[in-house]
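Line by line, the protein sequences give chains A and F.
Be aware that the first sequence starts at 120, since it is given in my numbering, and climbs by one per residue.
Be aware that the second sequence starts at 259, since it is given in my numbering, and climbs by one per residue.
Just to be clear, a hint being listed does not mean it is correct.
As the list claims (entries may be wrong) - Short derived list, chain F residues pointing at chain A, Cβ under 7 Å: (1) V508; (2) P805; (3) N809.
No wet-lab data here; the hints were simulated from the structure.
Ideal Cβ placement from N, Cα and C applies to all residues, glycine included.
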Amino acid sequence: MTLSRRKFVFAGLAAVGGTVKMEADEARIDLKALRPNDKFPVNAIRLLNEKGAARLFFSRTEAPPPAGGRYAAVVSSMPVPNGASAEDFRVSQLLPGVAEWDVCAAQSGRNLVIARFGGAVASLNLHHAGGQTALTEFDSSDDFKDPRFSRGNHQPPFITSVVDGSRVDTLAPAGGGYGQPQTALTEPQIDSALVVSNSHGDWLLFKVHSLGPMRRRFPGALHAVRLGADHKPTGAPFQPLGDRMIFEFDADVFENGIAIAATTGNGFLLAAGELPALRPLEYKHPGALLQPALVQSGDGVQLAFLESPATELRHVLTAFVPAASLRPK
Amino acid sequence: MGNSSTRKNIADAADDESSESQETTSGCFGGKRKKKPAATLPPVVTPTLVSLAVNGATADGAGGYWAVVNAIAHVDVVATTQPADDNGEWAQIAWTGNGITQDPPNTRRVLCGMARTVTVTATLNGPPQSVTIEIYDLASIASNLRINRPGNVWKDYAGFMPANTGIVSATTTPANNTVWGLLAWPLGGGAAGAALNQQNYNTAAAGDINMQVTLGAKQINGTLHICQWPVLAVDDITFSGGTTVNNDTVANFDNHWRSGRAVANRDPSPLCFRRNRAITLTVTLRVTTPPTEAETVTVRGTATAGINNIVWTSGPIAVNPADATVSFPAAVAGSAPLPDQVDFYNPLTITWEMSDPNGGWIPLGPTEHLIYATLGTPAGTPAYWTLLHYSCTPGAASDQAVITGAFNAIRGRNVTRKRDNVPLTYWTPGRPANDPAAGMGNTTALLGHATGAGHCGSWSEFLIDMFKLHGVTTGHKVNVTREAQVAQRQHPLPPRIVPAATPAGFLVATWNFAGPATNPNMLTHSQWGNCTEGPPAPGQNNAGPPPSFYNHFVVFCATDNRIYDPSYGNDFASPAAWEPASISGLFSDVVPGFNAGYSPVGGTRLLQFRDRVTNANL
Numbered sequence: 120m121t122l123s124r125r126k127f128v129f130a131g132l133a134a135v136g137g138t139v140k141m142e143a144d145e146a147r148i149d150l151k152a153l154r155p156n157d158k159f160p161v162n163a164i165r166l167l168n169e170k171g172a173a174r175l176f177f178s179r180t181e182a183p184p185p186a187g188g189r190y191a192a193v194v195s196s197m198p199v200p201n202g203a204s205a206e207d208f209r210v211s212q213l214l215p216g217v218a219e220w221d222v223c224a225a226q227s228g229r230n231l232v233i234a235r236f237g238g239a240v241a242s243l244n245l246h247h248a249g250g251q252t253a254l255t256e257f258d259s260s261d262d263f264k265d266p267r268f269s270r271g272n273h274q275p276p277f278i279t280s281v282v283d284g285s286r287v288d289t290l291a292p293a294g295g296g297y298g299q300p301q302t303a304l305t306e307p308q309i310d311s312a313l314v315v316s317n318s319h320g321d322w323l324l325f326k327v328h329s330l331g332p333m334r335r336r337f338p339g340a341l342h343a344v345r346l347g348a349d350h351k352p353t354g355a356p357f358q359p360l361g362d363r364m365i366f367e368f369d370a371d372v373f374e375n376g377i378a379i380a381a382t383t384g385n386g387f388l389l390a391a392g393e394l395p396a397l398r399p400l401e402y403k404h405p406g407a408l409l410q411p412a413l414v415q416s417g418d419g420v421q422l423a424f425l426e427s428p429a430t431e432l433r434h435v436l437t438a439f440v441p442a443a444s445l446r447p448k
Numbered sequence: 259m260g261n262s263s264t265r266k267n268i269a270d271a272a273d274d275e276s277s278e279s280q281e282t283t284s285g286c287f288g289g290k291r292k293k294k295p296a297a298t299l300p301p302v303v304t305p306t307l308v309s310l311a312v313n314g315a316t317a318d319g320a321g322g323y324w325a326v327v328n329a330i331a332h333v334d335v336v337a338t339t340q341p342a343d344d345n346g347e348w349a350q351i352a353w354t355g356n357g358i359t360q361d362p363p364n365t366r367r368v369l370c371g372m373a374r375t376v377t378v379t380a381t382l383n384g385p386p387q388s389v390t391i392e393i394y395d396l397a398s399i400a401s402n403l404r405i406n407r408p409g410n411v412w413k414d415y416a417g418f419m420p421a422n423t424g425i426v427s428a429t430t431t432p433a434n435n436t437v438w439g440l441l442a443w444p445l446g447g448g449a450a451g452a453a454l455n456q457q458n459y460n461t462a463a464a465g466d467i468n469m470q471v472t473l474g475a476k477q478i479n480g481t482l483h484i485c486q487w488p489v490l491a492v493d494d495i496t497f498s499g500g501t502t503v504n505n506d507t508v509a510n511f512d513n514h515w516r517s518g519r520a521v522a523n524r525d526p527s528p529l530c531f532r533r534n535r536a537i538t539l540t541v542t543l544r545v546t547t548p549p550t551e552a553e554t555v556t557v558r559g560t561a562t563a564g565i566n567n568i569v570w571t572s573g574p575i576a577v578n579p580a581d582a583t584v585s586f587p588a589a590v591a592g593s594a595p596l597p598d599q600v601d602f603y604n605p606l607t608i609t610w611e612m613s614d615p616n617g618g619w620i621p622l623g624p625t626e627h628l629i630y631a632t633l634g635t636p637a638g639t640p641a642y643w644t645l646l647h648y649s650c651t652p653g654a655a656s657d658q659a660v661i662t663g664a665f666n667a668i669r670g671r672n673v674t675r676k677r678d679n680v681p682l683t684y685w686t687p688g689r690p691a692n693d694p695a696a697g698m699g700n701t702t703a704l705l706g707h708a709t710g711a712g713h714c715g716s717w718s719e720f721l722i723d724m725f726k727l728h729g730v731t732t733g734h735k736v737n738v739t740r741e742a743q744v745a746q747r748q749h750p751l752p753p754r755i756v757p758a759a760t761p762a763g764f765l766v767a768t769w770n771f772a773g774p775a776t777n778p779n780m781l782t783h784s785q786w787g788n789c790t791e792g793p794p795a796p797g798q799n800n801a802g803p804p805p806s807f808y809n810h811f812v813v814f815c816a817t818d819n820r821i822y823d824p825s826y827g828n829d830f831a832s833p834a835a836w837e838p839a840s841i842s843g844l845f846s847d848v849v850p851g852f853n854a855g856y857s858p859v860g861g862t863r864l865l866q867f868r869d870r871v872t873n874a875n876l
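Turn these sequences into a full structure, and let the hints steer you where they fit.
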């Protein structure tokens, strides 16, 4: 990764060597492909800070054997930027589909929360060192999607999930597991949500989509609201990125504030600072990026994106952005 | 020449009679000449009139003369006498003539201030001699052009006059062919008209024709101001009063028709109006040929929608020579509403016309519009194009007709997305591992994703939203699940109850069981062992969707109490009818062992149908 603070022009895409050059209005970030010479099957990624180092988790869905059987969501991980990958979770999946999941560090290994597709609706399962636990009723009429572990202060983290595309439920740690889902927020057309907990409180970030060309998700505006101890909003939601249209986002604690990465129609944006005032920097990219992942790591944040080719074989593009370049000037 | 010839004739006539005139005239001077002997006195010559000459008039070739009022102040008739041709002789001339004056003595003056006929007769010791002078007048000109302006300017429009002919008629005094035959039309071209006092001008092209008519020295000029009537073309139609159609999540259509826009797929914008409501529109027109002067036109469109003829008529539209476009002064509602039924007008053709200067209408060509007429006011969902297209059943006039028609439209399981004709599928054919359908749980997602794949949730909402577009809100999403616990055969151990938290689901037709599977409470077979997948139940654009589910969405319609399963294109009288037709048995995630069983042939209800609107079981 190289980063220079200057005005520059579009540098073009150099995917052959695994390096993707970016353009921005102020800074330049070179996204580099993990395993530059080896695209691998991956359709979802997350970043996790483990013991101060960033680790990339990635998943693919395996087809059942020809004789019949179940699909499997296989979640693996590897250090960033280099290291060997290892399979962490293999989750039986009744139906085909790109698994929706998140990982967190646990006292014993790692936990995985995953949406289990049922056909009409999905339920939540927690996979942990001791096995798996159903977090929601499998025969519920509620459709739990986009499960996320909260980022930041809470250990163990609590879980958020977008339900029926119109509300955000939280599942708080309880008794070594998790309690029943509680509705934190109801808002039409929510497609993703995440809680980031910093010294100022628990911030629920959620995206309200609108209509327009879809890039895995519809475009929409990011909203934020502070949650109280009961996980209910304590005020009116606001838009930390203004009216900017994003497709997907990820966020983490950054210093005393928050850092957000989001994919846009032209590339991606980064924003850091203390809510509600953030200063987004937009970066152009010649191809579509999917599923931004961001985690605080060392003196900065680690970024990762999925390329968006037509096939499942693709590169994961990463970059480390020093804290100095994120702090508001 | 005429004057000379005339003068000569008159003189000849006088010569022939000279001897007799001399004798007669001599007596008149006898008193003065008596002192001389007759033999020595010169012969007494009686003065006679030699001739009458006419100055200032034109000989008409028939012995008469003519002049034109005010073209000359007067015409003089001058007498020549003999022998002396002097004042003495002239004084003896007896003159007659209407309104003549003397100046000088041998001359009689005919003033030309007004049209008339004057015969001047002079008599001097002989037969009288006469000349007739016609004082003609070219009084005015007139035209058949319809707009008369001061200064002999007439305006009309190129191409809009009978036979493209402008006629100018001269008014003379007297009004007869004799005078008219003297008219000349030296300027402006043209051709002889039907009457001698008429001249025809070609008015096919715009422009000024500066014409002139003369009668002798008198002339009258005029201008035929042939103007261009504006030529317009429909450029943009903006519709209002309906529901904006959404292009299947990409963007709203703009409710415009624009010239030159592609007809395929997106354009012109599909439109949606409630049945029995008027369509309101306003039009912008391109001025393809500007008028010569500011003109005012009216534009109207006519269409036939079912049994209704609809007319949209603009207010007065001013068209100025410099205008590139002009618009209706205000939006106008159609003269009649859409017929009182659901329909799909493909297309509704509006024939456009603009007024012409003759009170007629000039065709501006047709425009075509895709118009959907809904039963009621759309509610609760964007008016996605695909939803409209499949739910607007022509002729439907009731909730039930809309429901039946909408479902019948998708019963064939070959729904395609209107914006790009991509087949909308129930899951993705081939069951790819990364099937995006799993994440598409509503109509918006189904229509939005590039592949057009969705699961039962999106298809159920798709059908419900088809109803909602017509204001029909009796479609309820119903979640189908297996809640009752089942036992699992533990051969050779006794059966055990499957833990409640263990997911259980149902096998979608068809699965084949080896050996009897008749116990609804016992899993007796092994999935993919002695319970094998048979021919799949085809879904929307997918011959082989997944064969087993934990849950499934169908639609309960409170209007007719039927169960609709849009994913598979089937409908049923009740949940009890849905089960045996749709599933082959049950399964559980419990492993290892027997995890499948029971083929629901005996009518036992296995599944729960939870109405998500009422939260009650069906």
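Numbers of unmet hints, in rising order: 2
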